[in-house]
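Chemist: Chain by chain, the residues:
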Amino acid sequence: MGNKLSPISKAFLVLIFLILYAPIFFLVFYSFNSGGTMYDFKGFTMEWYKELFQDTRLLIIVLNTLVIALLSALIATIIGVIGAIGIRSFTSSKAKNTVLSLNNVLIVSPDVIIGASFLILFTMAGIKLGFYSVLLSHIAFSIPIVVLLVLPKLQEMSPTLIDAARDLGASRWDVLTKVILPYILPGIFAGFFMALTYSLDDFAVTFFVTGNGFSTLSVEIYSLARRGISLNINALSTLLFVVTLLLVVVYYFITQRVRQTGMGGKR
Amino acid sequence: MMGKVMKNRISRNIYFIPYVLWISLFVIAPILLILYYSFFDIEGNLSLINYQKFFTPVYLKMTLSSFWYAFLITGISLLVAYPTAYLLTKTKHKQLWLLLIIVPSWINLLLKAYAFIGIFGTYGVANGFLEAVGIGKQQILFTDFSFIFVSVYIFIPFMILPIFNALDEMNPTLLDAANDLGASRWMTFRRVIFPLTLDGVKTGCQVVFIPALSLFMLTRLIAGNRVITLGTAIEQHFLVTQDWGMGSTIAVFLIIIMFLIMFVTGNRKQGV
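Just so you know, the sequences run in chain order A and B. Sequential numbering from 1 applies to the first sequence in my numbering. Sequential numbering from 1 applies to the second sequence in my numbering.
Hints may contain errors.
[Unchecked claim] Which residues of chain B face chain A? A few of them, derived with a C-beta cut under 7 Å, are:
| id | residue |
| --- | --- |
| 1 | I23 |
| 2 | A115 |
| 3 | G134 |
| 4 | Q138 |
| 5 | P211 |
| 6 | A251 |
[What the hints assert, rightly or not] In silico DSS-like pairs for lysine-lysine, Cα to Cα no more than 30 Å straight-line:
| id | chain 1 | residue 1 | chain 2 | residue 2 |
| --- | --- | --- | --- | --- |
| 7 | A | K10 | B | K61 |
| 8 | B | K61 | B | K202 |
| 9 | A | K10 | B | K112 |
| 10 | B | K202 | B | K94 |
| 11 | A | K10 | B | K92 |
| 12 | B | K137 | B | K53 |
| 13 | A | K42 | B | K112 |
| 14 | B | K112 | A | K50 |
| 15 | B | K90 | A | K10 |
| 16 | B | K112 | B | K202 |
| 17 | B | K137 | A | K42 |
| 18 | B | K53 | A | K10 |
| 19 | B | K53 | A | K94 |
| 20 | A | K178 | A | K96 |
| 21 | B | K202 | A | K96 |
[What the hints assert, rightly or not] Every beta carbon over 10 Å from chain B, so not counted as near; a handful from chain A, in silico:
| id | residue |
| --- | --- |
| 22 | P7 |
| 23 | F32 |
| 24 | S92 |
| 25 | L161 |
| 26 | F203 |
These are computed hints drawn from the structure, not numbers from a lab. The model shown is predicted, which means the values in this text are computed figures rather than measured ones. No residue lacks a Cβ here, since even glycine has one placed at the ideal position from N, Cα and C.
This is chain B alone, in the form it adopts within the complex (with noise of 0.2 Å):
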């Protein structure tokens, strides 16, 4: 009996292996190795400097404004996305109005960026639309604003799939409620609809904010290098100059602020 048991024990964990050595050598292994990379300099001698060299004013004003950036990216990807999500909830076929909202972040981002280097370029569709209006050719490619429009463009279907599950979960009734109790309709929305939408709202944010700190394809094709958030320096360090130890050091700040931004937007329901 004690060895059957036994048996059935190794027996199941044998099947396991293959997803356990995963989580060991593409779960754990990486995030250790860029620990350890992070205490070498750049000739490869055992040192702090990396960690002196991120304390520089250089490298916290780089994180300041990558931080800056991310935050109004989801500011404004919130904006946009909570009403159309609420909206989307009162259509007929919502469902099907969801996909539709989901198709475009199928489409390869690299595809997306592409497209508006054309809108925004200097013969584009939007200068043609600024000089009929009588504003004339601006330069819109490579600035911040072309930033954080195609960033918000492009996270803006992951903020509202989210908001749109906790809308859609709520009990109408509790509207009813509000309403047969003598609520505003911005009441209601302040004191119902929004708290109990708000792990949809903080699960949103949290998966545009972390991306967006780490973007590091749209800096280069569409801001043309002028902002530099903490994932362009991470590449620029590690396929650039080739000094990984910075690179690696620079990740592991990302790293803990992944998991500090996390902690502050958990206690989700379900993953994803």
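Chain A on its own, in the form it takes in the complex (with noise of 0.2 Å):
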């Protein structure tokens, strides 16, 4: 296949990025805008960062985004590398695939079906709308993602390293610290982070199970948008997709690395 790309087929490539990232440089461009709207280019101005950094119940909204996507990641990264050691650990493939099955619901699932059904849940259940609704539902779906990067790591270990370390009279808790969770970590950190941006990401579900008085970025940009036009938007997009951009980078580095250093597989 090693024909070039011809020029039609260029341009089209280009075109498709144009329009990708048009949107994205079209908001940071305009977080520099004196004139305050998105049309009419008036002149350079940080005020709206500034604006955005007094603003103190936004960057509360933002600490609670990030302590929610931290913890929720973590949990559902120990809950999804049990399961997915539960998984491995079944004889029978018929019981294998019943499970994941169960496990893969969530990730089909769309947003709004599990919004709707974690909030009759929360409310049945007697727990509060808000902190902790939010918590558990995004640990609740980000654990089929955690289960799925995992799985395939411990799939392709091969069996024979934990017998040798068996018979060099390792003990169970041994096995899984010393010998299973290195080789799978790779699967774990992927887990993680993808657990991570599940989290940042979602909005469809927290806005079915937050209440009064607790709002995550998403939400807000939410209830903001529909107000209309404010420049504190852009501003706060910008950054994030800085954040977002270091994040990518970040993961991309680490899979790049693991990749190099894999040892011990099937394969």
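Given two chains presented individually in distinct reference frames, assemble the corresponding complex, making use of the accompanying hints.
Modeler: Shown next, in the form of structure tokens:
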């Protein structure tokens, strides 16, 4: 397939990339507009950023969002790893497939269904809507992706590694912490990062289960955007874009490094 | 000996508990609760009225239009994504380009929707362009066009990714073989490339179609409530009119539709 791209193909790809990135750069560009609108660029200003950092309410919301994301990703990763190890230990493939299908339900379910059903669940269980309901929901919808990212790593690990460790006198706990976990670490990292981005990205589920008084960034942006344009959001999105880019770069390097140092696999 | 095996099995099951708890509480229970609530009317009496209501023209029309929009969004995404994925596999550094396609999908959805409010607004860039070309100002925001455009924009990376993977896995010698045997480029595409990447296409359609049925944030921000999808209806019933029963009934149908779609687009090799 070594043939070069024709000019038309190149133009097509360039167009796609332009369309994909234009809205983002558009937001960034107007975040520096002293005119206060998303048209008619009057002049350069950092005013919106200053305003952003003086808005304590918004800063608290940012903090909430980060706390929810980190906590939910951490707990989801722990439960997900446990789940993946459990699924791998199943001997019957029928049981394995059943659990895997159940695992994937929340991945394919539309956000609205997850949100609505969790709302019913929390109401019936008597959990007050707010921080804990949002945290529990985020943990819940992040677990399956962790399982899916850890499981392949477990499956490519050669069972002889565990046998060898057992023969050499390692306890079950040693096997887990000194053999299995280090081996599947790349999968765990990938799962943690995915859970983090799921949580940071989520709007619909949070929108359903957050009561009055607690808000995450997505929900806040939604209510601001419904009221119309305010360049604070642009400034905020610029900062988020930079953070996202950093996360992507970190994620990219972690997976790259991990790929190079893989060892002891079946492949 | 037996005792040790038993003990092993028990200790194995004990550490599995959090995961099993998660499955029962957050996967199985919510679905059952939705089903349970769908049998209650707004006053909390047991009844089938919600199902009767669902089969009235109002709701059927809404379901149909929701399907139509989801179909359009999926179709257009596929039409744009397939050539993009195909050309991407032919670039040097294709993994890097793919990463660049995925990056925008990591930007918060709300921010992208918000950007389009600015772009498509009355004085926005899009209208500025239309005026410069001589067409003049148009109402772009709050139309079907803006809704479909923004939806396709948001879903396109999810369509490109599985198709790219399918194309990337394809054995290049097959193309040489087709070429040697005198197949035209169109013939090669229709008989070799497309069938081999069908799994990727199916996955892509699945991950776009189901969310497209249930969009509710875009219908409010971009379509200005002109478009009502199944998702919008559920949100409306749960959070605005507080008629959880009717909302659950629509959700039940959405779940059924979801399983049907997964069944049709099934036999995938891998998850996600």
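Chemist: Taking the hints in turn, state whether each one holds.
Modeler: How the hints compare with the structure:
1. I23: 5 Å, holds
2. A115: Result: holds, 4 Å to nearest chain A Cβ.
3. G134: 19 Å, violated
4. Q138: Violated. Min distance 15 Å.
5. P211: 6 Å, holds
6. A251: 5 Å, holds
7. A:K10 <-> B:K61: 42 Å, violated
8. B:K61 <-> B:K202: 27 Å, holds
9. A:K10 <-> B:K112: It holds: about 25 Å lies between the C-alpha atoms, which stays within 30 Å.
10. B:K202 <-> B:K94: 22 Å, holds
11. A:K10 <-> B:K92: Status holds; Cα separation ~12 Å.
12. B:K137 <-> B:K53: Status violated; Cα separation ~42 Å.
13. A:K42 <-> B:K112: Given pair K42 (chain A), K112 (chain B) holds - Cα atoms ~23 Å apart, limit 30 Å.
14. B:K112 <-> A:K50: 23 Å, holds
15. B:K90 <-> A:K10: Roughly 11 Å separates the two Cα atoms, so the pair holds.
16. B:K112 <-> B:K202: 26 Å, holds
17. B:K137 <-> A:K42: 22 Å, holds
18. B:K53 <-> A:K10: Between K53 (chain B) and K10 (chain A) the Cα gap is close to 52 Å, so the pair fails against 30 Å, i.e. violated.
19. B:K53 <-> A:K94: The hint is violated at about 39 Å.
20. A:K178 <-> A:K96: 26 Å, holds
21. B:K202 <-> A:K96: 24 Å, holds
22. P7: Non-interface label stands for P7 (chain A): nearest chain B Cβ at 12 Å, farther than 10 Å.
23. F32: 14 Å, holds
24. S92: Check passes; 14 Å lies beyond 10 Å.
25. L161: 19 Å, holds
26. F203: 6 Å, violated
This entry does not satisfy hints 3, 4, 7, 12, 18, 19, 26, going by the numbered hints stated previously.
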